[in-house]
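Student: Next come the chains, spelled out residue by residue.
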Amino acid sequence: MVHRGDLAVSTRGRGTYDITRDVRQVVAASGAKDGVATVWIHHTSASLIICENADPDVRRDLEAFMARLVPDGDRLFVHTAEGEDDMPAHVRSVLTQTSIGIPITDGKLVLGTWQGLYLWEHRTSAHQRRVTVTVIGE
Amino acid sequence: MVHRGDLAVSTRGRGTYDITRDVRQVVAASGAKDGVATVWIHHTSASLIICENADPDVRRDLEAFMARLVPDGDRLFVHTAEGEDDMPAHVRSVLTQTSIGIPITDGKLVLGTWQGLYLWEHRTSAHQRRVTVTVIGE
Amino acid sequence: MVHRGDLAVSTRGRGTYDITRDVRQVVAASGAKDGVATVWIHHTSASLIICENADPDVRRDLEAFMARLVPDGDRLFVHTAEGEDDMPAHVRSVLTQTSIGIPITDGKLVLGTWQGLYLWEHRTSAHQRRVTVTVIGE
Numbered sequence: 266m267v268h269r270g271d272l273a274v275s276t277r278g279r280g281t282y283d284i285t286r287d288v289r290q291v292v293a294a295s296g297a298k299d300g301v302a303t304v305w306i307h308h309t310s311a312s313l314i315i316c317e318n319a320d321p322d323v324r325r326d327l328e329a330f331m332a333r334l335v336p337d338g339d340r341l342f343v344h345t346a347e348g349e350d351d352m353p354a355h356v357r358s359v360l361t362q363t364s365i366g367i368p369i370t371d372g373k374l375v376l377g378t379w380q381g382l383y384l385w386e387h388r389t390s391a392h393q394r395r396v397t398v399t400v401i402g403e
Numbered sequence: 266m267v268h269r270g271d272l273a274v275s276t277r278g279r280g281t282y283d284i285t286r287d288v289r290q291v292v293a294a295s296g297a298k299d300g301v302a303t304v305w306i307h308h309t310s311a312s313l314i315i316c317e318n319a320d321p322d323v324r325r326d327l328e329a330f331m332a333r334l335v336p337d338g339d340r341l342f343v344h345t346a347e348g349e350d351d352m353p354a355h356v357r358s359v360l361t362q363t364s365i366g367i368p369i370t371d372g373k374l375v376l377g378t379w380q381g382l383y384l385w386e387h388r389t390s391a392h393q394r395r396v397t398v399t400v401i402g403e
Numbered sequence: 266m267v268h269r270g271d272l273a274v275s276t277r278g279r280g281t282y283d284i285t286r287d288v289r290q291v292v293a294a295s296g297a298k299d300g301v302a303t304v305w306i307h308h309t310s311a312s313l314i315i316c317e318n319a320d321p322d323v324r325r326d327l328e329a330f331m332a333r334l335v336p337d338g339d340r341l342f343v344h345t346a347e348g349e350d351d352m353p354a355h356v357r358s359v360l361t362q363t364s365i366g367i368p369i370t371d372g373k374l375v376l377g378t379w380q381g382l383y384l385w386e387h388r389t390s391a392h393q394r395r396v397t398v399t400v401i402g403e
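Residue numbers (the working numbering), protein chains in the order written: chain H, 266 to 403; chain U, 266 to 403; chain B, 266 to 403.
Worth flagging that the hints you see were computed from the coordinates, not collected in a lab.
Using N, Cα and C, we set each Cβ at its ideal position, and we do this for glycine too.
It cannot be assumed that every hint is accurate.
Said to hold, decoys possible - Derived PhoX-like pairs: lysine-lysine, alpha-carbon spacing no greater than 25 Å straight-line:
1. U:Lys298 to U:Lys373
2. H:Lys298 to H:Lys373
3. B:Lys298 to U:Lys298
4. U:Lys298 to H:Lys298
5. H:Lys298 to B:Lys298
6. B:Lys373 to B:Lys298
Claimed, not checked - Simulated restraints on C-beta separations:
7. H:Arg277 to U:Asp339: 24 to 30 Å
8. B:Asp320 to U:Gly296: 36 to 42 Å
9. H:Gly296 to B:Ser390: 49 to 55 Å
10. U:Gln290 to B:Asp320: 45 to 51 Å
11. B:Ser275 to H:Ala273: 39 to 45 Å
12. H:Glu328 to U:Asp283: 31 to 37 Å
Generate coordinates for the entire structure from the input sequences, incorporating the hints supplied.
Tutor: What follows is the structure in C-alpha cells.
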C-alpha cells in the first residue's frame, strides 16, 4: 500500500520548523500499521533534520554552528546570484538531509522520545516550502 | 511484505560499532528476496554511517576529524546541560545519518565489498542505543 | 512491487556527475505509478547528493567548500594508503549520502524544478562506480 501526503510550510526565514505533527497526520490518514514514511523536501536551499525536541537551545546552537561553518558572504563562493546566503543555503542542505525514511509501527512513527523532525530553512528571507510524505506499508 | 527487527546496542562511549551482521540477520529472518531495509536509530546523540570496513584507521581518522570540526566544550554552545560532549553529539548526529535505506537482492543486503554499517556513539560515556530495521520487499 | 536497476558510472576523477536521467529511466521501466525509488552507491569514497541543477557554479562552490573543509594531505589523517585524497574521500562520503529515497508520483520522480541527483566522485583519479536503484511501489 502506498499513500501520499503533501505539506506546505511557510517559513519566516532562517531557522528550524517542527513538522513532526504534520507528518504524523499523514501517517494516521494512510491507515498503515507497519511500514516506512519517506519524507522529502522539494528544495536545495532548505533541508530536513532529526533533532532533539526538548531544549530549544539545541536548535539555536545548531544554527550557530552552521553559521560559523558555512559563513554568509564567504569570498570562496562564486554563486552569489541571490545574495550572501544563497550558496551557504545549498551547502547546508547538502550537509544535512533532503530525504528521511522513518519507520511506522502500530500505526505510528517510531520516533524516539526526544526526536523531532524539522524543516531547516537556510535562506534568510521567508519562503514557501513543499514537503512530500510517502507511506509504504500494510 | 513488511518485517521489523529491533536491535539493542550497548556502547562503551564515543566510537564506531559495527552493526552490519545484526542488520543482515534481520534481513535473513524477514525472508525477503528483493526490497529495501530501512535502518533507524532512536537517538539524537548517536547516528549511523556507511564506512570502509577494512582498515580501522579510517574510523580513527573520522573520529579525529569530527573532534576537530565539532570540538567538545566549544564556547559557541549554550546547551551544555549534560556536559561538554552534549551539544557536539547533537551536531555530529545532524551531520551524519539517523536513517539509511539499504537495498536487498537475492535475500541479502547489497553492501559493497568495503562497506560496513556502523552505529556512531557521539557521547563520551557508555549508552544503551536502540535501532529499528524495517524490511519492505517481496 | 519491487523493481531494480543497476547503473555503471565512469567518472573522470573528482567532481559531480548528473545521474538524474539514468534514475528516471529505471523508474519508467519499473512501471510504478506511486512509491519510492531508493538510490544506493556501492562505495565509501564517492557519494550521492541532491543539488541545484541550473548554475554549474553551485557544484564548483560545493567542491571548493569541501576541499577547504577536508583538505587533501591533512596531517591529521593516518589512513593514507592510497594517497592524499584517500581519507578525505571517506570523510566527504560520510558527510553526504550513500542512500537517498526519492518519491514517485504519476510514474515520475517528484524532484523539484531545480533539484538534480548527482554522484559525487571524491577521489582525484577516474573510477568505475556502481549505483543500484530499487523501486518499491504500485
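Student: If a hint holds in the structure, say so; if it does not, say that too.
Tutor: Outcome of the hint check:
{"no.": "1", "hint": "U:Lys298 to U:Lys373", "in the structure": "holds (7 Å)"}
{"no.": "2", "hint": "H:Lys298 to H:Lys373", "in the structure": "holds (7 Å)"}
{"no.": "3", "hint": "B:Lys298 to U:Lys298", "in the structure": "holds (22 Å)"}
{"no.": "4", "hint": "U:Lys298 to H:Lys298", "in the structure": "holds (22 Å)"}
{"no.": "5", "hint": "H:Lys298 to B:Lys298", "in the structure": "holds (22 Å)"}
{"no.": "6", "hint": "B:Lys373 to B:Lys298", "in the structure": "holds (7 Å)"}
{"no.": "7", "hint": "H:Arg277 to U:Asp339: 24 to 30 Å", "in the structure": "holds (28 Å)"}
{"no.": "8", "hint": "B:Asp320 to U:Gly296: 36 to 42 Å", "in the structure": "violated (48 Å)"}
{"no.": "9", "hint": "H:Gly296 to B:Ser390: 49 to 55 Å", "in the structure": "holds (51 Å)"}
{"no.": "10", "hint": "U:Gln290 to B:Asp320: 45 to 51 Å", "in the structure": "holds (46 Å)"}
{"no.": "11", "hint": "B:Ser275 to H:Ala273: 39 to 45 Å", "in the structure": "holds (41 Å)"}
{"no.": "12", "hint": "H:Glu328 to U:Asp283: 31 to 37 Å", "in the structure": "holds (33 Å)"}
Of the numbered hints listed earlier, the single one contradicted by the structure is hint 8.
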